[in-house]
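*Asks:* Residue numbers (the numbering used here), protein chains in the order written: chain A, 1 to 261; chain B, 1 to 318.
To be clear, the hints were calculated from the coordinates, so they are not data collected in a lab.
Where hints are given, some of them may not hold.
Below, simulated DSS-like cross-link-like pairs (lysine-lysine); rule was C-alpha separation at most 27 Å, straight line [stated by the list, open to error]:
hint, chain 1, residue 1, chain 2, residue 2
1, A, LYS2, A, LYS106
2, A, LYS2, A, LYS197
3, A, LYS257, B, LYS311
4, B, LYS81, B, LYS143
5, B, LYS311, B, LYS277
6, A, LYS257, B, LYS277
7, A, LYS166, A, LYS2
8, A, LYS257, B, LYS259
9, B, LYS259, B, LYS277
Residues on chain B that point at chain A, a partial pick, calculated with CB under 10 Å [stated by the list, open to error]:
hint, residue
10, ALA60
11, HIS61
12, SER86
13, ALA145
14, LEU174
15, VAL285
Remember, it's a predicted structure, so these values are computed and weren't measured experimentally.
Built from N, CA and C at the ideal position, the CB exists for glycine as well.
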Amino acid sequence: MKILVLVKNVPEVAEAELEIDQGALDLEDLEMVVNEWDNYAVEEAVRITEASGGEVHLMTLGNEDDEDVLRRGLAMGAHAASHLCDEAFDGSDPATLARVIAAAVKDGGYDLILTGVQSADLGQASTGVLLAQELGLPHATMAIALEPGAGEVVVTRELENNTSEKVALPLPALVTVQSGINQPRYVSIMGIRKVRKMTIEQIEADDLGLAEESLGAAASMVDSQSLALPPMGEGAQMLEGGLDSVCDQAAAILREKGGLA
Amino acid sequence: MSGVLVIAEHRQGALREATLECLGAALALGGEATTLLLADAPDALAGEITGRTHGLKLYAHPDLAAFNPELYLPVVMDAVKALQPSLVLMPHSSQGMDLAPALAGRLGLPLVTDCTGLSWNDGALSVQRAVYGGKAMQELALKPAATVVATLQAGAYQAAPAGAAETASESVTLTELAPRHARRFLEYLAGVVEDVDIAEADILVSVGRGIGGPDNIPQAQALADALGATLSCSRPVADAGWLPKSRQVGTSGKTVRPKIYLALGISGAFQHQAGMKNSGTIIAVNSDPRAPIFQVAHYGIVADLFEVLPKLSERFGG
Ligand SMILES: Cc1cc2nc3c(=O)[nH]c(=O)nc-3n(C[C@H](O)[C@H](O)[C@H](O)COP(=O)(O)OP(=O)(O)OC[C@H]3O[C@@H](n4cnc5c(N)ncnc54)[C@H](O)[C@@H]3O)c2cc1C
Ligand SMILES: Nc1ncnc2c1ncn2[C@@H]1O[C@H](COP(=O)(O)O)[C@@H](O)[C@H]1O
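Turn these sequences into a full structure, and let the hints steer you where they fit.
*Replies:* Right, dumping it as structure tokens:
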């Protein structure tokens, strides 16, 4: 099976102090990591080809530094990678992104295209399904299990409240992958070093024959945007003092509210 | 029409509450709301919608018992073309995530997802959404467009109250469904087998990715034991197999309402909050003072959970 996986580099924000600079997140001090959901997608693709042959191709759209996310995927066992990198792509919305990626993959002959359910930064959960429409492929989102077979793939989709469903899709198809579908393998620095010499295909807007006005912010549905941090001091009453004092206070609350002796 | 078209959601014979929240948002935006309900027996599901929408179109076909975007799309696309709504609205759910981008893609319409707030500004849509795991709020002003497709975060709007609108309903007979692709629904799968039911617990000690790894679970278990509490977790902990899936709190896990929810190293992403925000008393321990969990917690402690855990256990004889 020939599988394409879309991967995206995203800032790691869980423990970071975020700063906003001119309406956008200041990325200066943030570590970039592979989008959690895409990591599961790469692992799933590599496992499928390890079990039954084929190849895994990775693709990202991003700036020069984002090549890291491709190297990391190659170290996990992907066979080839393409980097869509051009200033003309800056400020693209998911629909534009899908159009650009579609132009790059349309003759790729992929049996299966995997994306993450969502990217951790903006959480749009849109790009994969939009790409499927561009390519005229059937799709299914939220996969927590994939069983590829002859001419079709059976996808277990996670639904709400601890239920799921099985659906069958004719191949070729696009599937968005939910976290927890597998346990992604560990990637060492040594592993990444080993794939240092693999060539990564570079693709610019010109190569795709896309007109400038159909790209980037000009083509985006968004007129203007702003970003704000939630106000501090709203919500929880913060317990202050040294560690012992804080734990005493917490213990008192637990006793009172939990009816504990 | 310049109103809102809502795509109703149902599963295993029950209407999903999120549909009524979309109607709440539609009413808040003003103008007419029309709801499309596609089902094997839509009349049986229409009761809760009636009185909360102006127009109701009931489409019946035996193959519409379970959701399938390929069967929904032709119907919804025709309705959008006929009614020309300003907004097509559906929940940001497993169904909405499957349908909304496909609809937007096929009709070439702008798409905004997981919205927490919607408003009209001179005929263009403005949208609020949470980004970066809930640590920032994004406000988007869209370019003017005849129709926008949007999905709504669960809980962002109140359900439309009964009697909010007078409903004119119409049954539309579908003789033939016209899927583009042969996607087939096969079956529903029941949830994972439980070891314990976290929804039954009075006190939950809940750990997130901040717990660091499986080796640290016993420390949290020790506190839970000392408190007579049950251990639960956020999604990444279950994904990694550090605790069983049945312990997961959130939209794709369980909704819990214990007397006390003690959140340790959980950032408080929306999907987690949705499963625990109605707990009696929420105490959160997180090293990041900006963690979104502090917005829903009653009490917050900014600290390393590994310093708090043993000290707290001690105080309860652990
Ligand atoms: C469709 C869908 C459904 C989902 N369903 C669910 C669901 O049901 N339940 C759910 O939980 N998530 C769900 N998620 C995932 C959700 O979006 C978040 O990714 C997840 O909740 C984050 O979990 P976390 O807070 O444990 O991890 P992180 O966001 O990584 O946060 C870890 C936190 O630990 C803190 N921390 C780290 N070390 C320490 C320390 N030593 N001491 C104190 N604090 C520390 C950090 O500051 C950070 O705030 C879903 C996502 C999608 C797309
Ligand atoms: N810039 C990008 N490059 C490659 N893949 C992307 C990019 N943006 C989004 N994707 C893919 O689309 C999925 C959903 O992203 P989103 O629609 O942004 O939430 C991600 O998990 C990726 O697999």
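*Asks:* Hint by hint, note whether the structure agrees.
*Replies:* Hint-by-hint comparison with the structure:
Proposed proximity of A:LYS2 and A:LYS106 is supported: the alpha carbons are some 13 Å apart, at most 27 Å. Proposed proximity of A:LYS2 and A:LYS197 is supported: the alpha carbons are some 22 Å apart, at most 27 Å. Using a Cα cut-off of 27 Å, the hinted pair A:LYS257 and B:LYS311 holds, with the two alpha carbons roughly 19 Å apart. Between the alpha carbons of B:LYS81 and B:LYS143 the distance comes to roughly 20 Å, so the proposed pair stays at or under 27 Å and holds.
Of the pairs offered as hints, the one joining B:LYS311 and B:LYS277 holds, with about 26 Å between alpha carbons and a cut-off of 27 Å not exceeded. For the given pair, A:LYS257 sits about 16 Å from B:LYS277 by alpha-carbon distance, which is consistent with the 27 Å threshold. Only pairs whose Cα atoms come within 27 Å are accepted, and A:LYS166 paired with A:LYS2 is accepted, the gap being roughly 23 Å. Our distance criterion of 27 Å between C-alpha atoms is met by A:LYS257 and B:LYS259, whose separation comes to about 7 Å.
Note on B:LYS259 and B:LYS277: the hinted pairing holds, with a Cα-Cα distance of about 12 Å set against a maximum of 27 Å. Annotation: B:ALA60 was flagged as interfacial toward chain A, and the flag is violated, the nearest CB pair being 21 Å apart, outside 10 Å. For B:HIS61, the suggested interface contact is broken, since its CB lies about 18 Å from the closest CB of chain A, more than 10 Å. Here the hint on B:SER86 is broken, as its CB sits about 14 Å from the closest CB of chain A, past 10 Å.
Checking B:ALA145 against chain A by beta carbon gives a least distance of about 7 Å; that is within 10 Å, so the hint holds. At a threshold of 10 Å, the smallest CB-CB gap from B:LEU174 to chain A is about 20 Å, leaving the interface hint violated. Contact between B:VAL285 and chain A, as hinted, is supported at the beta carbon level, the nearest pair being about 8 Å apart and thus within 10 Å.
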